[in-house]
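**Student:** Protein chains in written order, with full-length UniProt numbering: chain A, 1 to 581; chain B, 1 to 129.
Among the hints, erroneous ones may be present.
[To be verified] Listed below are the simulated SDA-like cross-link pairs for lysine to any residue, each with C-alpha atoms no more than 25 Å apart in a straight line:
# : chain 1 : residue 1 : chain 2 : residue 2
1 : A       : K357      : B       : L9
2 : A       : K481      : B       : V52
3 : A       : K381      : B       : G11
[Unchecked claim] Part of the chain B face toward chain A, derived, beta carbon under 8 Å:
#  : residue
4  : R3
5  : L4
6  : F5
7  : V7
8  : G53
9  : V73
10 : S77
Hints are computed from structural coordinates only; laboratory data are not their basis.
Every residue, glycine too, gets a C-beta built ideally from N, C-alpha and C.
Take a look at the letters that make up each chain.
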Amino acid sequence: MGGVEDEEPATKRMKLSSEQLRGLSNGSSFIEPISGSSSDLMARPLSSEGDEEVVGTKGVIKKVEFVRIIAKALRSLGYAKSCAHLEAESGISLHSSVVGLFTQQIHDGNWDESVATLCKIGLLDEHIVKSASFLILEQKFFELLDAEKVMDALKTLRTEIAPLCINNSRVHELSSCMVAPSQCNLVGSRSQDTVRSKSRSKLLEELQKLLPPTVMIPERRLEHLVEQALLLQRDACIFHNSLDKDMSLYADHQCGRDQIPSRTLQILQEHSDEVWFLQFSHNGKYLASSSNDHSAIIWEVDVNGGVSLKHRLYGHQKPVSTVSWCPDDHELLTCGVEENVRRWDVSSGECLQIYEKAGLGLVSCGWFPDGKRIFSGVNDKSISMWHVDGTELECWRGQKTLRISDLEITNDGKQIISMCRETAILLLDRETKVERLIEEDQTITTFSLSRDNRFLLVNLLNQEIHLWNIEGDLKLVAKYKAHKRTRFVIRSCFGGLAEAFVASGSEDSQVYVWHRGSGELLEALAGHSGAVNSVSWNPVNPHMLASASDDRTIRIWGLNELSMKRKDPHINGIHYCNGGT
Amino acid sequence: MGRLFVVNLEGKIYSCKHCRTHLALCEDIVSKSFHCRHGKAYLFSKVVNVTVGEKEERMMMTGMHTVADIFCVGCGSIVGWKYETAHEKNQKYKEGKSVLERYKVSGPDGSNYWVSHGAHIGGSDADDA
């Protein structure tokens, strides 16, 4: 599962240092010296049709090409002697001597000679020769200008560049350069670099792109191939939840299950009744939970990933159904079921404000991205907006907000997402008033928005979780099944590195984790002794997951230490261990 | 128990006798002439806030059917059954629909129904085309 299918030992492909060069000949077809001297004046394609030698078990790598890109890589790394040694030992030259001469001439700035040599390189069609000559002469032109040899530059432009009859608009730009030297900045003279040789290298790079790769191998070709392979491995890795720099060349990258939190690290037992909802703050430093015991709790996450109680928030006379962190995490909203919404200060635990509507009950709450306004669903099917100080600002009627009604607002403050009918979610653009509808066949229970606001995770009555792409046209992109839901509000969330996973609670007391892209179920974590109502993945620590349950506890899940390799100290969350249960 | 998810209906509502959870609308009644052990029962095209039990084959008055008992999500009491498959062609119209026992629900006007003396006693739940 995962990884690039490849039986060839990894060492075969990843040779970058000279000592391992000798290993090249191990196991593969016997190397025969290539007949014919490669130091002809006429360059010929060194990977000629007659040369059928391949390396590797799949027979797709031509040996000559392989050796040449290795030689090129050696040279880029600064090991010119090793490169020469490789060329001598293998009898395969990095490039023909003509090209070598050409390259040297460019470096030395022998422009006219280099143009002449260019013509001696075979396999080039006329257009390429002209384009390359243009580039070279352009460089000559600029260098002459820099040296203030204006007349020589003009001569070059008139007698050498213009007659090529290509890229006439560029010719005009160059002539304007002469008239107004300040124009040179806009025209993009390569000579702007203070060190002359650097700009010649750039010229060489551009020439390399122009010439066919068989003549001049592109820079960093081997590095590019290796990176491509690594990225493919990473993309194929469904457990991927670790930093890219953990990828190694020695073995195909494949995160084990051990990258997904799967072990209970802590059990928090401070609520006296069912815990219905929990959520980490945006900065991952706090966790807020709400319970049937009419209270909410703010927890603090320390640098080692340990979670401890910070404040108990008392005041609600009803069970607290949901909490919402303000964008800068300094304040928290809590919502009592069909009661009111309270705003709390996170550092002091003090209740700063109560929002309510006479005779009505509030059912959900959230912050506007500016942190100055809050909104709330009301049980008369409307949505109300208040300024943080308590002044009621707006009220939208006509939304069918159910008694358990989720409400989300996008990070740019433009779109409000709310329940519209039992089976539909309304996405309303506040400015353009454009309405979009997500329609399902089944009753929708809850939904949650991804951090990048591009996706919506919708929980359905029939135990399925649907992933919708809400950018542009609304599209259903994935379904997740396996968890159990028959009676309660069970929530799901995104999580992990780049939100590559979906986690959900379940009535069978387990926490379920799926790979978001493939929909494959990765884990069903047992531990709780009651329905798991809500889960939250720490946005800053991809290895920390929290779950809230009817068994009155919150569990903090982390990596299974036993099968883990050395961790990057910046990723916290695994050290705290109180024996597991 | 966790936070119950209930759908709220509008109109003339039949609700669970014990916990008042909404179950069905008057307008979704397909037939009022069904019977069960406790007397009358109504066939509804749509029922909400119920959990469905295990499927089983049952011989009803009108033939063999695959049914599942349905329970109120609020209090868990059994409120009727759902037709999954009907084996006889002329019974197919029942598939996907649910029966609520009149004894188990409160009517739209809040009225309840009491078991009459003439109801069938014993034997499996019957039904009536």
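**Student:** None of the hints should be skipped; say for each whether it holds.
**Tutor:** Structure-based check of each hint:
1. A/K357 / B/L9: holds (23 Å)
2. A/K481 / B/V52: Since the Cα atoms of A/K481 and B/V52 sit roughly 18 Å apart, the hinted pair holds (cutoff 25 Å).
3. A/K381 / B/G11: holds (16 Å)
4. R3: Since chain A brings a Cβ to about 5 Å from B/R3, closer than 8 Å, the hint holds.
5. L4: Cβ of B/L4 sits 6 Å from chain A, so the hint holds.
6. F5: holds (5 Å)
7. V7: Constraint on B/V7 satisfied, holds at 6 Å.
8. G53: violated (10 Å)
9. V73: This interface hint holds because 4 Å falls under the 8 Å limit.
10. S77: violated (13 Å)
The structure fails hints 8, 10 (numbered hints given earlier, in ascending order).
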